Amino acid sequence: MIRKLIIGLAIVFIPLGIWYAYEYGRPLEVAFSDAIVGATTSSESEQAPKVVIVARVLSLQSDHDLLCSDTTGTEFRIEYTGSPNPHGFVSNKVYRFLGHVHDGAEPYFHATQWFE
Amino acid sequence: MIGQIAIHLLFGIAVTTTVLYALSLSSSAESSSRAVVARWLFRLLTAGLVGCAGTLITLILTHQFQYTYVWNYSSTELPTHLLIACFYSGQEGSFLLWTLFVAIIGVVLQPYAKRHGYEAPVMVFYGLILSFLTLLLVAKNPFSFYYETFAAKGITAIPEEIPLNGKGLNPLLHNAWITIHPPILFMGFASMSVSFAFAMAGLVRKEYHRWIDVALPWTLFATGVLGFGIMLGGFWAYETLGWGGFWGWDPVENSSLIPWLVVVALVHTMLVQKRTKGLVKTNMILALLGFVMVLYSTFLTRSGVLGDTSVHSFVDPGRFAFWILLLFMLTFVVIGVVLVLKRRVDMNIKREEFDVSTREFMLSIGSSLIMASAIFVTIGTSWPVIMEILGLPKVAVATDFYNKVHQVLVPFILLVNGFSLFMHWRSTQRQLVLQKLWRAALVAAIGTMILALFGISNLWPLALGFAAWFSLAVNIQVGSGLLKAGPAMMGAYVSHLGIALLMFGVITTAMYSETYHAVLVHGKPVSVGGYTLTYLGSEQVEKEFVDREKYRYFIRIENGDTRRTVAPVLYWSDYNQRQSPFLEPGIRWGMMNDLYISPKNLGREDVFHETIIQKNNTAVVPIDSSLRLQLNGFTMPLEEGPSDDGRMQMSAVLRVSDSSGNITDLKARTKITNGPNGPAFDPEWAVIPGTTTAVGLISIDRDNKDPSRSKGTFAFYDTTKPKPYARQEFTVEFSVKPLMSLVWIGVIAMVTGFGFSIARSLRMLKKQAAVRSTQLAPMPDVES
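Chains E and W, in that order, give the protein sequences. For the first sequence, the working numbering begins at 1 and goes up steadily by one. For the second sequence, the working numbering begins at 117 and goes up steadily by one.
No wet-lab data here; the hints were simulated from the structure. Among the hints, erroneous ones may be present.
[As the list claims (entries may be wrong)] Pairs of lysine to aspartate or glutamate, DMTMM-like flavour, derived with a Cα cap of 25 Å: (1) W:LYS520 - E:GLU29; (2) W:LYS821 - E:GLU75; (3) W:LYS821 - W:ASP834.
Computed from a predicted model, the values in this text were never measured in an experiment.
The task is simple: from the sequences and hints, build the whole structure.
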């Protein structure tokens, strides 16, 4: 009985746990202004929540310092410190950046991953 | 060079020992010459590792910065206790510490296993573990010279040019806890190898029950030590890091929690097998899993796969070490799985069903729930890796995932713990259970009502509260009945009691903690949450460190006649290029509550009415709205020349216009001192002609990319009044954490309980051995 009980519970709850982790491990896709709101409303002791911003590269100082605009047209700076893009970032191309906002007088987005 | 050769030699010795023990498996007598040689080689290996560790400590203490490891993690300013801690502050040293502890435990294990007739099969697996660990040391050798390391990175360094000082230890690690927490944690990891080795030996020998008796004291030891190590880490975080909590579900914390949860489940299922001969395969699998999870956790936190998904930094160990870690883990998974599958039919002998109203049933359910916790924590911790494999954004799950899963699991675990203690082995009369149950249920109901009366209305804390009261009542009820039998009998009850107390601590601190933000001006009492806080001043400490100016900020906390002073710390260091401050909280410890002051910011009062103006922009003067100030630009230091005291000078070129349209030009000059925290500005106050308003330039924010966007910060005061004095302002987060002490008391009780249980288990083992020797009974299982 106990064997069947444990196996049955495992069959039900492990996929449920994975789904639950998926819900809590999925970064939201937001505009830069929403990311700032997320950063300012999180507790001081925590890093701002990780989010994805779909951004068009407007100009590049380097592959680590990009001026971008999000889907709402807001311009903002991205400091990219993740694995290098093997092809390099290209102006006027759209990328998805994962990272968090550094709040302050001049907020910027600190990205650690990028996706096409 | 000798150290590097020694590490390679030790790897060779570990492999030879393992091979010799494997060869002595086939011979009938373990005292064969191969086993004797293997035994001595193992001792030589341990002596060699002690020698390596001693050498590394000596190199650190004598500041031999020609060694990369010594240069990377230590410096001449460090006191002796921190220099010793540098030994395991980096990957190479921590691998050496882990290997050393495995070897030292092996020296104790060897005669123990021999005494119980398990030497060769246990030491084969143990030797294999040490072979992999010493191979890791070959890859992450702590005795590499710095010029070799630089050369590997394509940088030419001259061997004769030895660095004068090292990079130093991360300032976060500068406290007493680093001298105790990592060694205890690594001792826990190392001792996890023993249960695994015994389980595998049982499979090799086809002795599926006897290994349980022999391995139980070691499993209890591993559980107690690892649990203590984990909570010391929590205490360290609470006492030093200043974020106000003791557990953050960070991958590094989880990586030690997962094996601990598995081994806790194993202890309980081992007890079931000991009494009922059931759960044979479960125990084999859990013993394997416990050890594999140590390796998996090490892989997660040491291979660099988690990247930037943790507050801890993960150093990429290099490809060679990465593959060794992976191979290490996979080898033992394959060995364990193959052996379990090979013996699975054998292990099914005498399998019996457990009745619901038995202790074995309840313990099995309890262990399953603990394993469920381990599985969910593993899923959460591995999530970034899973996402990377799927090509999705690599993000750690939010801590709410762990909290919500455990909101469900923990109350059930505590309830099952209570029920299991009322049950008897094999069968229990339900009437008897009900008779005992009502008292504990009544205590739990009253306790929960008290929690509700104190304002808890959420379901989770009430359910957890009920379960914790229930577990507490049952453990006291049953445990007190065994008081006369001595403390050795009390182990389980004391441990469970500790867990219940720990849960109360979690509930009260989570539900009743109050947090306030306060800006404390020097010398001015501020009322916060029923307490009066006064910032009394600061004192520089640790002046010997040149990378920082570290200050303790004294804050008096008053409540009625009670006065206590705490001293939180806030400073910037060159270690992280002063990008973010290092914080240490000030805590007034108490049985009923902790008063926790976490520093946030340091500044000065805004008594000068400051305003920021961008170049070519205009702003209204804050203390005289009829005046508008336009910033036309800044003069360069060369134009201004040095000040009388030799400092660099710059001026803001200003144009002032009043409401009548009169325009006046003036310069606001400032003297600049470059310091470790950036430039400091000392303004020369310029009175705006025809007014009583003085203006001073108190900072310049230069935009190097676009100088036209540079800004100046200006301060103003009325010259008809005394010049204001800006006092220091200390911004803090002040928390009142009720019954936090229960968390630590609970942990101490839990570890103490494990100590009692180990003593009892060893005593029983001794008795069994005495009986065997008098009866000349055969050693193997009597199953057939």
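message = Name the hints, by number, that the structure is in violation of.
response = As far as the earlier hints go, only 3 is violated by this structure.
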